[in-house]
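There are 2 protein chains.
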Amino acid sequence: MEKELLQRLTEAVTKQIFVELEASGRHVHITTEQALALFGHPLTPKRPLSQPGQFLAQERVTVRGPKGEFREVAVLGPERKEAQVEISLTDGRQLGIDPPVRMSGDVKNSPGALLIGPRGQVAIPQGVIAAQRHIHLTPEDAARYGVKDQQVVKLQVFTARPCIFEDVAVRVRPDFAPAVHLDYDEANACGFQKGDLGRILP
Amino acid sequence: MEKELLQRLTEAVTKQIFVELEASGRHVHITTEQALALFGHPLTPKRPLSQPGQFLAQERVTVRGPKGEFREVAVLGPERKEAQVEISLTDGRQLGIDPPVRMSGDVKNSPGALLIGPRGQVAIPQGVIAAQRHIHLTPEDAARYGVKDQQVVKLQVFTARPCIFEDVAVRVRPDFAPAVHLDYDEANACGFQKGDLGRILP
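Residue numbers (this note's numbering), protein chains in the order written: chain A, 1 to 202; chain B, 1 to 202.
Isolated chain A (complex conformation) (with noise of 0.2 Å):
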């Protein structure tokens, strides 16, 4: 019973300190009308994500590039306004696409990709960003922390291949659950394993 306890307590003190990593693999969001556009019907949720409300489809597109083209790549729920690629800059080289760093949803100017579903094809003009790194807070964890929304961070991780990032943007809203955010260029630099932790530098 003690010992429970004294689980618990660690790993909510462990919260209080630190905050999870998650590797972000390439993945695509589109709009609904490019999901009728390409399987057909609209985005089927498989299995909700970290992100409240967000979910990998069970559809998956083809993204092509002038250079190659990835198979069988996530799409992820709900649809969008408009589409966006994410992909790593090791990603990019193999497509022939050179993505600018970016925030989700900041597509202006960003290169466009093919993407091909089992229905039909989308040319999206813009879209293919590498997402930059970020952590999604709660306003109250933000606040534990002592950052703000839309600030730029560093951050500490524990990793086997420890590093500090600095340029984190920081990410507030009352519907985000706790994690940082790094793809995969990032998560081998570091060579990240599942439950590894980072820590907001002051």
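Hints in this document: simulated from the structure, not taken from any laboratory. No incorrect hints appear here.
Okay, derived cross-link-like pairs now, DSBU-like style, lysine-lysine, Cα gap no bigger than 30 Å in a straight line:
| hint | chain 1 | residue 1 | chain 2 | residue 2 |
| --- | --- | --- | --- | --- |
| 1 | A | K108 | A | K81 |
| 2 | B | K46 | A | K67 |
| 3 | B | K81 | B | K46 |
| 4 | B | K67 | A | K194 |
| 5 | A | K194 | B | K108 |
| 6 | A | K15 | B | K154 |
| 7 | B | K194 | A | K108 |
| 8 | B | K15 | B | K194 |
| 9 | A | K154 | B | K15 |
| 10 | A | K148 | B | K154 |
| 11 | A | K108 | A | K67 |
| 12 | B | K194 | A | K154 |
| 13 | B | K154 | B | K194 |
| 14 | A | K148 | A | K108 |
| 15 | A | K154 | B | K148 |
| 16 | B | K108 | B | K67 |
| 17 | A | K46 | A | K194 |
| 18 | A | K194 | B | K154 |
Since chain A is already given, all that's left is putting chain B on it; use the hints.
This is chain B only, laid out in the frame that chain A set:
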């Protein structure tokens, strides 16, 4: 004339404070015996590398793992006493090989791979590693930065996605040229571009 002098002085001062970054793509080191088996002759130098005496060979090999292969992989010379395949963790996923993060030469109990050349194949029982990030320095550079051979330091990189790499190994030899070696996961995670610099932190 004065402008030229200023530029030369600036470059000299910069070198006193910063170390140039280099990104190492996946590559292979082989023995003379293996070169004969793969190509029918020893390695032919194509161009010198930044480290004196090292060269990129004209010959290239396919590296095959349980899940995939890379063709046309660079072979570096001169030949060594034992084969070594240096890949990123991202590469490892594609090959189906999970390389340990090691210093060059430390291949004990690392996974193997199949090397395929135009004349034959060589199955190496071990030697696939992800190179630990490291800094090559001459004894004079090392003295100036206040570091020693085998020391592990932090390195701040001034790149598009800035960060501070911890666990960076220092290697000191009179025949080294000063350079930081990152793999492509690290290079892309920090947004490396040719000419970018790093600073060893005290």
